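Participant: What follows is each chain in one-letter form.
Protein chains: 2
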Amino acid sequence: MSTEQPPVAAAAIQELSHMSERTVFFLSDQTGVTAETLGHSLLTQFDGRHFRQVTLPFIDTVDKAHEAVRKINSAAESAALRPIVFSTLVQDDFRAIVRNSDGLHLDIFDVFLEPLENELKQKSTHTAGRAHGMSDIESYMKRIEATNFALANDDGAITRNYEMADVILVGVSRSGKTPTCLYLALQYGVYAANFPLTDEEFDSGTLPEILVSQKSKLFGLTIAPTRLQQIRKERRALGRYATAQQVRFELREADKIFRKYGIPHVDTTEFSIEEIASRILDSTGVERRVRP
Amino acid sequence: MSTEQPPVAAAAIQELSHMSERTVFFLSDQTGVTAETLGHSLLTQFDGRHFRQVTLPFIDTVDKAHEAVRKINSAAESAALRPIVFSTLVQDDFRAIVRNSDGLHLDIFDVFLEPLENELKQKSTHTAGRAHGMSDIESYMKRIEATNFALANDDGAITRNYEMADVILVGVSRSGKTPTCLYLALQYGVYAANFPLTDEEFDSGTLPEILVSQKSKLFGLTIAPTRLQQIRKERRALGRYATAQQVRFELREADKIFRKYGIPHVDTTEFSIEEIASRILDSTGVERRVRP
Numbered sequence: 020m021s022t023e024q025p026p027v028a029a030a031a032i033q034e035l036s037h038m039s040e041r042t043v044f045f046l047s048d049q050t051g052v053t054a055e056t057l058g059h060s061l062l063t064q065f066d067g068r069h070f071r072q073v074t075l076p077f078i079d080t081v082d083k084a085h086e087a088v089r090k091i092n093s094a095a096e097s098a099a100l101r102p103i104v105f106s107t108l109v110q111d112d113f114r115a116i117v118r119n120s121d122g123l124h125l126d127i128f129d130v131f132l133e134p135l136e137n138e139l140k141q142k143s144t145h146t147a148g149r150a151h152g153m154s155d156i157e158s159y160m161k162r163i164e165a166t167n168f169a170l171a172n173d174d175g176a177i178t179r180n181y182e183m184a185d186v187i188l189v190g191v192s193r194s195g196k197t198p199t200c201l202y203l204a205l206q207y208g209v210y211a212a213n214f215p216l217t218d219e220e221f222d223s224g225t226l227p228e229i230l231v232s233q234k235s236k237l238f239g240l241t242i243a244p245t246r247l248q249q250i251r252k253e254r255r256a257l258g259r260y261a262t263a264q265q266v267r268f269e270l271r272e273a274d275k276i277f278r279k280y281g282i283p284h285v286d287t288t289e290f291s292i293e294e295i296a297s298r299i300l301d302s303t304g305v306e307r308r309v310r311p
Numbered sequence: 020m021s022t023e024q025p026p027v028a029a030a031a032i033q034e035l036s037h038m039s040e041r042t043v044f045f046l047s048d049q050t051g052v053t054a055e056t057l058g059h060s061l062l063t064q065f066d067g068r069h070f071r072q073v074t075l076p077f078i079d080t081v082d083k084a085h086e087a088v089r090k091i092n093s094a095a096e097s098a099a100l101r102p103i104v105f106s107t108l109v110q111d112d113f114r115a116i117v118r119n120s121d122g123l124h125l126d127i128f129d130v131f132l133e134p135l136e137n138e139l140k141q142k143s144t145h146t147a148g149r150a151h152g153m154s155d156i157e158s159y160m161k162r163i164e165a166t167n168f169a170l171a172n173d174d175g176a177i178t179r180n181y182e183m184a185d186v187i188l189v190g191v192s193r194s195g196k197t198p199t200c201l202y203l204a205l206q207y208g209v210y211a212a213n214f215p216l217t218d219e220e221f222d223s224g225t226l227p228e229i230l231v232s233q234k235s236k237l238f239g240l241t242i243a244p245t246r247l248q249q250i251r252k253e254r255r256a257l258g259r260y261a262t263a264q265q266v267r268f269e270l271r272e273a274d275k276i277f278r279k280y281g282i283p284h285v286d287t288t289e290f291s292i293e294e295i296a297s298r299i300l301d302s303t304g305v306e307r308r309v310r311p
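Taken in order, these protein sequences are the chains called A and B. The number in our numbering is simply the position in the first sequence, starting from 1, with 19 added. The number in our numbering is simply the position in the second sequence, starting from 1, with 19 added.
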């Protein structure tokens, strides 16, 4: 007898695992970013759960609303557990269609629009696609320009534009500088440059004059040695770069520099990119040029 | 007499403009990203309004909760209009403190947690900082790796990694390829490369063999000529690059290539980065590797 499962049994097992899995839908007449963000914040409050996640964006016709209902109902039929639907549909007629699906329907406009209308003494426009939309070409340009700034001023390649920077991140290689700068640019239009701390700074124990002259903009990133070693190994396993000794040496020297110049810094080990970015803005007081 | 306003009058005018402005607070025990996203989606439904926006993140102690209340109440006192407070505080005790401020209090956990607890037959953890937190080191690494991939495979510099790409964006210079690739990487962990269409492709009317071999991954970006001209002028005002004739020529030739190879494409003129990214995922069916 073969040790492999017969195909019928395998299919049955897959069916069972699918049946016990709950599907979460993110519905939007737009990108779905708001529904995903809202839903994710709420679902992370329930430990040990796994959800199949489906985003249905750009529901901007009656047909698409009915199609979304079919998908939700199909998921409801094939699983023992009712789907959960996070919805950010603005238009009443589409919302009315989707509300009749077989899922648990949670819609931010259902709940929050009325108190806001009362407070602002103004009817809402009920127009689709305003958030994360091209409502503001100026915002788009600011984000693009900030992204170009981050790319051009990455990794200390160029230092002559530091006058224009809102913030300059410093830290050892692979401490998270580049993704954080790009996130600050894309999300908030903030001009973020970064400068890597290397042997040159460690040997002298000082920062280059150009950085000292912009000291108020400096913000340091640090990270636990074991974590940094792990990250560096994935990049370049061989040589001194990813050894425990080297990683510890660099982080210790970077810390000395942070303390010498009084540079505020954050340990990125336990943080997501969003958290690092938020802590930098919170700590430095740098203004968001754009709000997504 | 000086033409400048006397300081007292200037201060009074500033006071008046401040009084008529409504402040919106985004409160969070975490980054504030969810509160900002939710609030922004709702507020864009009210036309012609301008709000002063203040994010108060990392409210994770009783003291910080009281400090937030002081800031809200101070804004309430100095303006004729009550502040609006979008809150995503998970812990009941902090939420109770903040709810007593003089603002209009809108909290997603107040509204949605109970129906979710009932549906999932599970109490929520009420633990701060789970969304956008480092709950998942694997997710963090995926986003970082995807960002590194986007940077390494930007602008057609390297084409040998296209096997690993989830999607390869093609389009003329400044059509939005780079920011979109970076956004797809940071937000969703998607591996996005991009290749610029230039004279080489326009002269031959064909794509390089390496792109043809990955045809199913190609996605085109196009843009209105006037808008592209405006963007290019800000980058390099002189020379052929930003002339109406050149811009029209390139866009026309790019469109021929899209049609010749049957490449799906989107016009980015009216779209934000989020919209472009969502439309690419929606159109190609590329799976999000990470959900923020």
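Read the hints as simulated data drawn from the structure, not as lab findings. The model shown is predicted, which means the values in this text are computed figures rather than measured ones. Be careful, since some hints might not be right.
Where chains are identical, the list cannot tell them apart; a pair therefore holds if satisfied intra-copy or between any two copies.
Lysine to any residue pairs mimicking SDA-like chemistry, simulated, CA-CA at most 20 angstroms apart [as the list claims (entries may be wrong)]: (1) K236 / E138; (2) K236 / Q264; (3) K140 / A99; (4) K252 / S97; (5) K275 / T178; (6) K83 / A176; (7) K140 / R101; (8) K234 / S302; (9) K275 / G258; (10) K234 / R68; (11) K252 / M160; (12) K140 / D121; (13) K142 / H69; (14) K90 / T80; (15) K252 / S158; (16) K252 / N167; (17) K90 / R101; (18) K90 / V73; (19) K279 / S223.
Participant: Compare the structure with each hint and give your call.
Facilitator: The hints, checked one at a time:
1. K236 / E138: neither (39 angstroms within a copy, 48 angstroms between copies)
2. K236 / Q264: Answer is neither; intra-copy 30 angstroms and inter-copy 43 angstroms both fail.
3. K140 / A99: between (44 angstroms within a copy, 14 angstroms between copies)
4. K252 / S97: neither (44 angstroms within a copy, 55 angstroms between copies)
5. K275 / T178: neither (22 angstroms within a copy, 41 angstroms between copies)
6. K83 / A176: neither (48 angstroms within a copy, 40 angstroms between copies)
7. K140 / R101: The answer is between: 12 angstroms across copies meets 20 angstroms, while 38 angstroms in one copy does not.
8. K234 / S302: within (15 angstroms within a copy, 46 angstroms between copies)
9. K275 / G258: Neither. Shortest intra-copy (25 angstroms) and inter-copy (49 angstroms) distances fail the 20 angstroms Cα cut-off.
10. K234 / R68: neither (46 angstroms within a copy, 38 angstroms between copies)
11. K252 / M160: Between copies, since 13 angstroms is at most 20 angstroms while 37 angstroms is not.
12. K140 / D121: Cα proximity of K140 and D121: across copies only (18 angstroms, versus 35 angstroms in one copy).
13. K142 / H69: Between copies, since 15 angstroms is at most 20 angstroms while 39 angstroms is not.
14. K90 / T80: within (16 angstroms within a copy, 43 angstroms between copies)
15. K252 / S158: between (39 angstroms within a copy, 18 angstroms between copies)
16. K252 / N167: For K252 and N167, only the inter-copy Cα distance (15 angstroms) is at most 20 angstroms; the intra-copy one is 29 angstroms.
17. K90 / R101: within (12 angstroms within a copy, 42 angstroms between copies)
18. K90 / V73: Intra 10 angstroms, inter 39 angstroms, cutoff 20 angstroms: intra-copy only.
19. K279 / S223: For K279 and S223, only the intra-copy Cα distance (12 angstroms) is at most 20 angstroms; the inter-copy one is 59 angstroms.
Hints 1, 2, 4, 5, 6, 9 and 10, counting from the list given before, are not met by this structure.
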